[in-house]
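> Residue-level listing of the chains:
Number of protein chains: 2
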Amino acid sequence: MKTMSAETLQALVTRACQRMGARPGDAARVATSLVRANLCGYDSHGVYRLAQYHEWWKKGLLDPTARPVVAAETTSAAKVDGRNAFGQVVASFATQVAIQKARTSGMAVVTVMACNHVGRLAEYAEAIQQAGLIGLVTVNDSGAGQCVVPWGGRDPRLATNPIAMGIPGETDGGILFDFSTSAAAQGRVRQLLLRGEPAPPGWLLDADGKHTTDPACLFSDPPGALLPAGGHRGFALSLAVEVFSGILSGAGLARTDPGPEEMNGMFILALDVTWFMPREQFRAQVDQLTAYVKTSRPAPGAGPVHIPGENSRAEEARRRKEGITLNEQNWAKVAGVLRDLGLPDDLPSE
Amino acid sequence: MKTMSAETLQALVTRACQRMGARPGDAARVATSLVRANLCGYDSHGVYRLAQYHEWWKKGLLDPTARPVVAAETTSAAKVDGRNAFGQVVASFATQVAIQKARTSGMAVVTVMACNHVGRLAEYAEAIQQAGLIGLVTVNDSGAGQCVVPWGGRDPRLATNPIAMGIPGETDGGILFDFSTSAAAQGRVRQLLLRGEPAPPGWLLDADGKHTTDPACLFSDPPGALLPAGGHRGFALSLAVEVFSGILSGAGLARTDPGPEEMNGMFILALDVTWFMPREQFRAQVDQLTAYVKTSRPAPGAGPVHIPGENSRAEEARRRKEGITLNEQNWAKVAGVLRDLGLPDDLPSE
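Those sequence lines, one after another, are chains D and V.
Mind the numbering: the first sequence is residues 88 to 437 in this note's numbering, read in order.
Mind the numbering: the second sequence is residues 88 to 437 in this note's numbering, read in order.
Misleading hints may appear alongside valid ones.
Stated by the list, open to error - Pair ranges (Cβ atoms, derived):
no.	chain 1	residue 1	chain 2	residue 2	range
1	V	Arg282	D	Glu409	30 to 36 Å
2	V	Gly283	D	Gln416	50 to 56 Å
3	D	Glu409	V	Thr382	54 to 60 Å
4	D	Arg102	V	Glu160	50 to 56 Å
5	D	Lys381	V	Arg154	35 to 41 Å
6	V	Gly274	D	Lys381	27 to 33 Å
7	D	Val157	V	Gly108	49 to 55 Å
Stated by the list, open to error - In silico DSSO-like cross-links for lysine-lysine, where the CA-CA straight-line distance does not exceed 27 Å:
no.	chain 1	residue 1	chain 2	residue 2
8	D	Lys420	D	Lys408
9	V	Lys89	V	Lys420
10	V	Lys381	D	Lys297
11	D	Lys381	V	Lys297
12	V	Lys420	V	Lys408
13	V	Lys89	V	Lys408
Please keep in mind that the hints were generated in silico from the structure rather than gathered at the bench.
Where is the CB? At the ideal position from N, CA and C, for every residue including glycine.
Let the sequences and hints guide you as you build the complete structure.
This is the structure in structure tokens:
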């Protein structure tokens, strides 16, 4: 266990990305994204991912010096080619393209290929939300990462294919969500395995296709699989994500011979509400909706109702003050990269 | 129980709508939609709904003579005012507006207010799909129909807020889905109650907020509530539906003093894929995806994997051949309307 401030981790990751060849601004972009994921409580998308990026870089799959480009565009659509740059750099670029086009045209769709791993998806939906627009973002794994069964099936055929959305509010932070279309994200199952806890029923099938609560089944050989979220609903949404992020982007769809895992294909939709109503009126109505929904009394044993996005904001505030605690495994991954890049790896807890 | 051909039911409903004042084309539109819902296996959105429309017409809430209008528009967006015409007439009109705009502009967003009940949502997503475009359609209840709790809450605050999507394929019918963002649609719970069967765990809370499998709880006084589908995921999607269909349309959002139930607010998004890739290439890749997903062996006890939309197509083919069987309750509702409108109600089973 090591506890560090966001600033310290930010500096560490920035330096590491620069050593891999990234320009200072791009390195800071990657660091900000990864640290922000830790701050918001999503350690599965936090700084330990640096090890994966470092490995890809060594294999020539990631080019830290590359810049994403708009490969083709209309007034309201664009195809971004990430040229295998850092995923966070590509996704931020593509998000800005979507925001600009939506401001001009009312709405915009941007697809992204060759973008490696974009990190925490909510970040891009939030950027669109903070620009005062509605943002919808989806990623697939360019056809790889198949750990989720189709509804009724036993052989995994789909990745966890997440969906994120940001809707601006006035004072209450609006609505911001980011969820896998599988019953759980793979990272959550791994956490349960590490803690020696069972998974809730309805999350997992073992390699024989039988329901199980054993989180180890997902990482055994042959592996079990995740079920889709909400049965046929998660399956349907996952197929839609595959079409948006894998087919429309050109990044690649689920198939028998996909490339390496977690190389995302991305789809971004941004919608300017001002054509429908004045922005302030929209924001006020979103706040009215969330305030009304929160008047529902808690279910027995539950805390007050939270609007999607609220919990991560609270967690971010807490971790900004108290620091980010990385477990041994996470820190070992970061330290390994630092060592390999000739950077000091014996930092104290703060 | 009464079994009738689709043609007989179509003629009956058309005549009834004309008696309420609808033009022949509009009456046929409503009939086609309702009968098609029965054909596809969704009796909850089928011809028995005529009774509800008839009641609204008597109360002056539904104007069968009205025509929907485009209240405002840009090249890629439109606000449709349904003027309280039949929902199916309004929704079909709005869907055509979306298709036309998407063909010109690459994508289009259309919102709809004052449209009564639009019926089976998949119909509109399918119309967009059949035009070769990707369609996303959502409806709320203009703020009423609150039977779903927010995640973690016990007092219902949201309607079942469904989402439908249509994605064109080449030979395999593509992908077509339509699901509530609640753990189940209200109609399915009512069916269980009628059959005296318990609901699966995870669908319902009783009036005290405790988990229950008793379908009666949803219709008791005070009523219980439905849980969101997939926990926080269904809750998040439901909020998004509320924003799209209730706020952007002007139809109204969930609040303390909503209007009558099942008066939908609607949101339609249509996306032309040809800007991203040739249409035939897109269709072929969708088929490639669905074919690959279907190679997943069935889970123990399950049949072959079905792509969303497949089951309703099979059911439609079967019922077109074998006829539509209405249970006593459903037929009684239709017969009551026919009687009230001075039409013969003593039709034989076919």
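> So which of those numbered hints doesn't the model satisfy?
Result: hints 1, 3 break, sorted rising.
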